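Sequences listed follow chains Z and B, in order. Residue numbering for the first sequence follows the numbering used here, beginning at 7 and increasing consecutively. Residue numbering for the second sequence follows the numbering used here, beginning at 5 and increasing consecutively.
If you are wondering where the hints come from, they were derived from the structure by calculation, not from laboratory data. Keep in mind the model is a prediction, meaning the values are calculated, not measured. Any given hint could be a false lead.
[Said to hold, decoys possible] Below, computed lysine-lysine pairings styled on DSSO-like, alpha-carbon distance capped at 27 Å: (1) B:80 / Z:42; (2) B:111 / B:85; (3) Z:47 / Z:15; (4) Z:15 / B:61; (5) B:61 / Z:59; (6) B:111 / Z:44; (7) B:80 / Z:15; (8) Z:59 / Z:15; (9) Z:42 / Z:25; (10) Z:24 / Z:44; (11) Z:47 / B:85; (12) Z:24 / Z:42; (13) B:61 / B:85; (14) Z:28 / Z:59; (15) Z:59 / B:111; (16) Z:15 / B:72; (17) B:108 / B:61; (18) B:111 / Z:42; (19) Z:59 / B:85; (20) Z:15 / Z:44; (21) Z:47 / B:108; (22) B:72 / Z:47; (23) Z:46 / B:111; (24) Z:46 / Z:25; (25) B:108 / Z:42; (26) Z:15 / B:108; (27) B:108 / Z:44; (28) B:108 / Z:46; (29) Z:44 / B:85; (30) B:111 / B:80; (31) B:108 / B:72.
[As the list claims (entries may be wrong)] From the structure, some residues in chain Z lie toward chain B, with a derived Cβ separation under 8 Å: (32) 112; (33) 115; (34) 116.
[What the hints assert, rightly or not] Quick list of simulated restraints, FRET-style, between CB atoms: (35) B:9 / Z:9: 26 to 36 Å; (36) B:54 / Z:22: 39 to 49 Å; (37) B:60 / Z:122: 44 to 54 Å.
Positions of the beta carbon are idealized from the N, C-alpha and C atoms, including for glycine.
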Amino acid sequence: DTEVTQTPKHLVMGMTNKKSLKCEQHMGHRAMYWYKQKAKKPPELMFVYSYEKLSINESVPSRFSPECPNSSLLNLHLHALQPEDSALYLCASSSSMGLAGGSEQYFGPGTRLTVT
Amino acid sequence: GQNIDQPTEMTATEGAIVQINCTYQTSGFNGLFWYQQHAGEAPTFLSYNVLDGLEEKGRFSSFLSRSKGYSYLLLKELQMKDSASYLCAVAYSGAGSYQLTFGKGTKLSVIP
Chain Z
7 DTEVTQTPKH
17 LVMGMTNKKS
27 LKCEQHMGHR
37 AMYWYKQKAK
47 KPPELMFVYS
57 YEKLSINESV
67 PSRFSPECPN
77 SSLLNLHLHA
87 LQPEDSALYL
97 CASSSSMGLA
107 GGSEQYFGPG
117 TRLTVT
Chain B
5 GQNIDQPTEM
15 TATEGAIVQI
25 NCTYQTSGFN
35 GLFWYQQHAG
45 EAPTFLSYNV
55 LDGLEEKGRF
65 SSFLSRSKGY
75 SYLLLKELQM
85 KDSASYLCAV
95 AYSGAGSYQL
105 TFGKGTKLSV
115 IP
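Please work from the sequences and hints to get the whole structure.
As structure tokens, then:
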């Protein structure tokens, strides 16, 4: 099973809402990532979890709050977002973080978020 | 910082060969990835190079020269389904952290 799943596929939320994006993988990967991708732009790294610990936070605003409840799950909690936060949010996982040969990332299908 | 350059768009004919170049400047280099991304879909892994040379995988090959900060992705026997964006991504590590930065992507259009 080389699948990373994400829910929901689409999300529309107002600026005062609180919502969560979910990501799951059952490949035994120990590194999980959140990326943000705007239209016609490459993915931009937001957060990295390694062995369920937050390793990298790329200066992301606090209205985005990641959580890694266990080695298979990764959440992204959203609160008081802005319209410019509308984007495709991609989750990815890899068997390890940064080691040669084992670090290719498998991406989920993404959640398309629209903030109104 | 990291600087990755690749052409914005390319067009090639079905059945032909196309080479997509990527140049980069980085410290703590830890490998270079190529990903394919169809419109509206997630990126999918194509190849990984960390040592100099050519890696071949079916119709796709990827080359790396670390001294020149240069890589290319070679696609042979092009098919219409190869129309997609091709993302060059550079991994680098340092100070206990690990990063993967994507280039802006090359949009490849395959025409009959």
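*asked:* Less than 8 Å between beta-carbons is the criterion; does residue 112 of chain Z satisfy it with respect to chain B?
replied: holds (7 Å)
*Is the interface hint for residue 116 of chain Z satisfied, with its Cβ closer than 8 Å to some Cβ of chain B?*
holds (5 Å)
_Given pair status - residue 42 of chain Z, residue 108 of chain B, alpha carbons within 27 Å_ = Holds, at about 14 Å.
*Would you check the hint for residue 108 of chain B and residue 61 of chain B, treating anything up to 27 Å between C-alpha atoms as holding?*
holds (24 Å)
*Does 44 to 54 Å hold as the CB distance between residue 60 of chain B and residue 122 of chain Z, or does it fail?*
Cβ of residue 60 of chain B to Cβ of residue 122 of chain Z: about 48 Å, so the range 44 to 54 Å holds.
_For the hint 39 to 49 Å, verify it against the beta carbon of residue 54 of chain B and that of residue 22 of chain Z._
Because 47 Å falls inside the window, the suggested range holds.
*Verify the proposed pairing of residue 59 of chain Z with residue 111 of chain B, using a straight-line Cα cut of 27 Å.*
Not satisfied, since the Cα-Cα distance of roughly 36 Å exceeds 27 Å.
*For the pair we were handed, residue 108 of chain B and residue 72 of chain B, check the Cα-Cα distance against 27 Å.*
Holds - the C-alpha atoms of residue 72 of chain B and residue 108 of chain B are around 20 Å apart, at most 27 Å.
_Range hint 26 to 36 Å (beta carbons of residue 9 of chain B and residue 9 of chain Z) holds or violated_ = Cβ of residue 9 of chain B to Cβ of residue 9 of chain Z: about 33 Å, so the range 26 to 36 Å holds.
*Does the structure keep residue 111 of chain B and residue 80 of chain B at a Cα separation of 27 Å or less?*
holds (16 Å)
*Can the restraint linking residue 80 of chain B and residue 42 of chain Z be considered satisfied, given a maximum Cα separation of 27 Å?*
violated (31 Å)
*Is the Cα-Cα distance between residue 15 of chain Z and residue 61 of chain B 27 Å or less?*
violated (31 Å)
The structure fails hints 1, 4, 5, 7, 15, 16 and 19 (numbered hints given earlier, in ascending order).
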